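Take a look at the letters that make up each chain.
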Amino acid sequence: MGSYILKRLISAVPVLFGITVIVFLIMSMIPGDPATAILGSYATPENVEKLNRDLGLDKPLVQRYFIWLENMLTGDFGRSFSLNRPVLDEILERFSATLVLAGTSFVLCAILGILAGAISAARQYGLADKLITLVVLIGISIPSFFLGMMMILIFAVKLKWLPVSGMYAIYGGGDLPDLINHLIMPASALAAVATGVVARMSRSAMLEVLRQDYIRTARAKGVRERRVLMGHALRAAMVSIIPVLGIQAGFVLSGAVYIEMVFQWPGVGRMLVDAILKRDLLLVQGGVVFVAACYVLFNIAVDVAQSLLDPRIKT
Amino acid sequence: MTFLRLLFRNRLAGLGAVILGIIIILVTITPLLPLPDPNATATANRFLRPFSEGHLLGTDHLGRDILARLLYGTRISLAIGLVSAFFAALFGSAIGIIAGYFGGRIDNVIMRLIDMLMAFPYILLALAIVAALGPGLMNALIAVAAVNVPFFARNIRGITVSLAGREFIDAARLAGLGHTRIILSELLPNVLPVIVIGISTTVGWMILETAGLSFLGLGSQPPNADLGSMLGEARAALITAPHTSIIPGIMIFLIVMSINLLGDGVRDALDPRLKSGALTRPRATTRVDRKGPVPQADQKGLLNIQSLETQFHVGPRIYRAVNEVSLHVSAGECLGIIGESGSGKSVTALSVMGLVASPPGVITGGAVRYDGEDLLDASYERLRQKRGNNVAYIFQDPLATLHPLYKIGDQLVEAIQSHNNTSTKEARTKALELLKSVRIPNAPERLDNYPHEMSGGMRQRVGIAMALANDPEVIIADEPTTALDVTVQAQILTLLDDLRRERGLAIIFITHDFGVVAQLCDRVAVMYAGRIVEEGQTKAVLDAPAHPYTKRLIACVPELGGGRRELAAIPGLPPVVDRLPEGCAFAARCDKAQDACHRGYIPLNGHAPRAVRCLFPEEVV
Amino acid sequence: MDLINWTRRGLIATAAASLLTGTFMTTAPAIAQTPEGVLIVGQIAEPKSLDPAAVTAVNDFRILVNLYEGLVKYAPGTLEVAPGLAESWEISEDGTEYTFHLREGVTFHDGTPFNAEAVKFNFDRMLDENHPYHNTGPFPLAFFFSAIEETVVVDDLTVTFKLNGPYAPFLSNLAYPTGLIISPAAVAQYGADVGRHPTGTGPFKFAEWRSNEAVVIEKNPDYWGDPADTEAVVFRPITDANTRVAEMLAGGIDMMVEVPPTALSQFQGEGFNIVEQAGPHLWFLILNAKEGPFADVRVRQAANYAINKEALVNNVLEGTADVAAGPTPPAFAWAYNDDLSPYPYDPEKAKALLAEAGVESTEITFYVTEGGSGMLDPIPMGTAIQADLNAVGFDVKIETYEWNTFLGEVNPGLEGKADMAEMAWMTNDPDTLPFLALRTEAWPDKGGFNSGYYSNPEVDALLEKARVSTDQEERAALYKEMQAIVQEDAPWVFVANWKQNAVTTDRVGNFSLEPSFLLQLQNVTKE
Amino acid sequence: MPALKFTNLSKTFPRAKPLFGKARAGVRAVRPMSLTVETGETLGIVGESGCGKSTLARMLVGLLEPSSGQIEIAGKALDTADPAAFGRLIQYVFQDPISSLNPRKTIRQIMETPLKQLHGMDRAERSARIGKIFASVNLRKEFLDRYPHEFSGGQAQRIGIARALAAHPKIMVLDEPVSALDVSIQAQVLNLLADLKSKFDLTYLFISHDLAVVEAVSNRVIVLYFGAVVEIGKAEDIFNSPKHPYTQLLADSAPVVGRPLKAPEQKDSELPDPLNPPKGCAFAGRCIYASDLCRSTEPELRVMGENQLAACHHPI
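Protein chains in written order, with this note's numbering: chain A, 8 to 322; chain B, 81 to 701; chain C, 66 to 592; chain D, 38 to 353.
Quick list of the computed label-pair ranges, beta carbon to beta carbon:
no.: 1; chain 1: A; residue 1: Asn78; chain 2: B; residue 2: Ile330; range: 44 to 52 Å
no.: 2; chain 1: D; residue 1: Ser86; chain 2: A; residue 2: Leu32; range: 47 to 55 Å
no.: 3; chain 1: D; residue 1: Asp159; chain 2: B; residue 2: Asp675; range: 43 to 51 Å
no.: 4; chain 1: B; residue 1: Pro322; chain 2: A; residue 2: Ser35; range: 38 to 46 Å
no.: 5; chain 1: A; residue 1: Leu134; chain 2: B; residue 2: Pro396; range: 22 to 30 Å
no.: 6; chain 1: B; residue 1: Ile330; chain 2: A; residue 2: Lys167; range: 19 to 27 Å
no.: 7; chain 1: C; residue 1: Ser406; chain 2: B; residue 2: Pro322; range: 34 to 42 Å
Just so you know, these hints were derived from the structure itself, not from any lab. What you are looking at is a predicted structure, and each value in this text was computed from that prediction instead of being measured. Here a beta-carbon is modelled for each residue, glycine too, at the ideal position from N, C-alpha and C.
Take these sequences, add in the hints, and give me the full structure.
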């Protein structure tokens, strides 16, 4: 197992390397430059050119790439001009906020989605199935940002149950209940679509598995139906659910952008959107590499989980 | 057209089609409707509420008519969703097919590239693409399509890999087709339904994503608006004039929901398994719906199947898989059921403990008595207590019938604990004994093996051990050796025979192989088209078959030692059990058939245990 | 049956769980009231930096002016220059030497003394490329002080700026946040990171900056003047206007600036106060006078007539702006030409002018931005303008750009790309905008912001003259003349002068907005 | 001239290189083997699962690249560059009749492909030829416009055979052509194959795990075990007087009516592990006659009795 993980980690290196190339290329294709963004209204072509030179942007693309790559490998992600601080500091700070949000949403979508899908399959065409199908359908059909806006309108502005935005109360908060209080709306808005997808997938995976011969074997053994469903069937269904979870993790991580904007969550997604708009090359590049690395790592974790669950996978 | 019928059989898909249809009709005729100019501003009339005069849905922040903008916006959103889904599917599928078909290094390189794109947060990728190309609907479309290419590519690659390994691809190569032709004419038609399913289930998602980009201000250019940018523009007035947000929000919801419903319908309709009802959950027990009277107990044997009728109800068709089958087996006895595929032998066996998948299976008549008790009448819990405990099964394919993710030790322990309140430790000890009793070498280590780590023969031994776990009185073995090599088969048969003698088991042994029956069974019943056509002591039946079917079947099996020769084939095919002919089901293939054979009901005649269902038997029984 | 039981149990458990969550939500301390003595301000964005020399955004200035002070400042309620860290100053006869006498006994928050050396350090850091801390930049607004040839420390409390020529806006520029004085010791200690460790002399001192959550500043107990009236101020960046409004309504913040016009009506009831203040702001459309239909002055005038500015400011902007008459905002009261009245909304006249000009094509490419400082709902504005122009016979096509791209497109000039672009400026001196954006010498290729290529030698002469005059009355006369000419020439469509607004809860007292758009919170109280 | 001749033909499937350490030896699915098939002969190839019989067959028809060795058909070495060249000489009938037919094509389309691709026939020629072939495999012409799923296993297998015939090959490789069929259908197909052989002058390589079937159709039989030939002999001799203990075991294991049930070998014997092949004779672990010699030296194929060869140190 250890060498399998190591092998997967090593195979992730070229992927990450490729990502650095892609992000660098895309960022270099974007018109507008950081100097304009720094200088704001007072950006004259002359000033822009001088500032670009100061920022080292007049060098050839390839040279700039390798300078960046080399610095990054030594742990220096450069300095964000739009935030005027080291890129790495900013990313680390913001990334933890995103992890809290996306992590919570992911756990929510995994637990609720699988549970809903399993119940739905177990009671196929029953009332519970219909109810769940309906809720799931609504979940996957509403844009998360719209859902978020509506939640703010209803639960924060009208009912005043939950705080509108932010991660912690500005004063007198900072503890776990405070965090949870702030998390409820953004996490559920973010989890809505993913939960729907996972629930649908789980339902069909369960139905598929329930047709298998080994389920019949379990029944023929006299195993109780509850265990047949939640043990045998669900476990086997997990083999096809887990990859979906892996993909959903990517969606949740990405979808956090909207939610972070609507709920002013101090996360990395919003930072990256801002950074793209401000042409903050280093921040975008660093941030994307970071997020991508996280995604790749998570997928390795998914594969490892998959191989732990399914002994047939060669490790 | 079967496609449409299947599609609309799903009522939710029908609902989706109706909603989407209405929306599409509305937006198609939008230019003809008496609507105000969607771009005409009247800032003094801004934020009129719905149902205001002249503005059915009110006006937006510039006093523009929301209804008109909504309809025009829907046109754009729908078009974008469809077009981007189409292009994502086009490029994604092309990449996926190429990677999947050629495999090896090409596959590796392509899939690594896809991995890279997938690891790139997709909204940022879209955002960066739009930032690079400039805002505008076309660019948003390109971005949305581009970020979805990887998902199609991955999906289609998976399908292609499984198809590329299929034999018809090899056949095409042998027929002289080159790679391009194989991809286009052999692979593509098979992948196409999957692509269509992919499109139909992602259009909704694409619309959501485009809406997201527009919401961020990267979509359509003013004054035009798609639904997403309508939402984005209205966001500032969410609290003051919520209708400006809620109306486009609901529209997006309706479109995406109806597309999803329809997409699900398309997926199900294109999925061949749906036709066979394979996507419905089998119940814990087979449905019993006995029309006629329940046969009286007649004290035959330990397990007594009386006039069993099991059918499969698939749509309007009724497959009479088992028809009026009566069998019984006593302790220490081995009963063979022999027949070709589709003869109903397995269904008979599975009906005993209610294991026929239901739907579509229904037991429509007869009784199954264990020790006098009618199992078809028993509650689920009562039946469950009997399963494995009194009547145990051994199935055909030991790889498919053992749970692939549980260690075999755990599966044995589970079998024991389902009927006994033993501790796991005790159960494990028992499991070890069981493995030893079926003569598995290195039994203690084998407990921790997964099924796939064992050979076919060893797996089948585990299957037998599991059947023995609770010392059942009856074992039903459903072609337990068919998937095994001859040398292994010989070992398994010996094992079963030994167990029967040692434990006094009653065995029902289902097979299509006369050699096996001859070696193992005391009595044999021959099934054809859901009925027993002949039964008797094994030797009697084999030595002097009475039914022409039995006789000819024995004749056409080559026997080792016969040398090179012409075989006595039976012409024709067995009838399909949803269209059974009147009279004898074998009559059409029988060279002795006469007019009487094609008429009426032909009973099973003879002196027990010998009986034959034939008007003109080969032997008198 | 077991099968039914367990699913039922599952459903009950789920229901119970959701009920629990429900009760948790209702019983949890609903939104805590913001604490007493702490003012929570909803900002429009995360500050870029808190180094006064490094930032350009009003959003950042709003924090800076509470942490730092400059030699001079704008007198409350006006754009007139008043003493700040300098108690008094003299200007040499020829207008090239400014000598400041500094306040005694002022210390920075880090305890180091404020003195003439500190002043020199600040200006040298920005202007002298060889200064050891010049690399803590870039300093995008350093050109405000490009007239300074040398900063001379006369004695500990006296400092003299030697200019390379007379430069009328110099004092006004010193009062601008770019002229705020930062502690040299802090710059030395933190280097480029000093923007995260702001150290000034102001009534508040920096406490904490949580990325994208809050910048917290606390009362400075050692302040030389009247101490602040609140214990602390928290600036929360809430970029989404809608969320900002929601926070305000839900009680999460005490004060918000730049209230979206559409949301203003929400705050008209009890519990909130709306504060307004006109400022030196102009929202206009740059017209490409070099080529295309707008090369003809009659077409430019037609555009000015065609656009219903009253409707724009009253409806689209919900009264948060006044109709602009010319290039100089009325907030510069002394330099504003009261005789001018805005182009009236007269579509018929516009049509007549268009007909008279007889242009062949009325196709107009219109650059619209998605946001940007002072841009006041640019997309709805642009859309409404498009509708008005189309109504008189123009054919306007909008292209939207995100702010930085927009600047990248507009600042180098519209030639060959567009006929019209949105623009807004907030300035501190009547000189700035026309000097940088209307002179012939300010065409983009010469390093200015005259992206529409307007050129009128008379205007050029007036502006050059006003800039070197040290007599305010003379300057006023020159500016007034310039305004009349420019209005007639219509190089721009003059649309709106923003009345900046803010909303506070009624727990906030003693608050007013400054015409400078800065947010002086020293005397604000919070119950 | 022999119809088919191959020398030292072998196939080794490479295994993924581990992260550390050197590359592992591949799995030797087919060990180097040489064989000649005479024109008009039916050569039966028999063996249990995993013995390499399908790998061998797929190499012969060019679906798999051999690791070593040459294939000669009618005296000419096969050119791998042109897959169509293979197709005209040698054809393949698949085990699973349904899965070898493209589910999305009509039978006519399936049948036309080899005629068009391999023989370049025009529409009329194709139609005539398909008619002839269909008649010879006892299929009705109206089947041509149906799709594969509409057919039973036996019919589908006839279609598979018809398709192989359409290529007009000299040699047909039949890979378990009847093992998926019911016994009553199996006999039909076997009889049909025998008819076709004489009618079209074909040479058959008939692969099966069913000894009785192989015996019933073959002139000569080779027995494969663990990727290698262990015995070659005439069909009538090989099971009646096997020389190799493995052949003996196979013969004894087949259930035969009238023969009492007995376990022909030790109950705990296991097959050799292809990832870790034993030294010497691969069958030694299961063989009652095995000696130290067997466990150390691989036996060569030797002539024993008339026209019978076996690879055994201790032949029966």
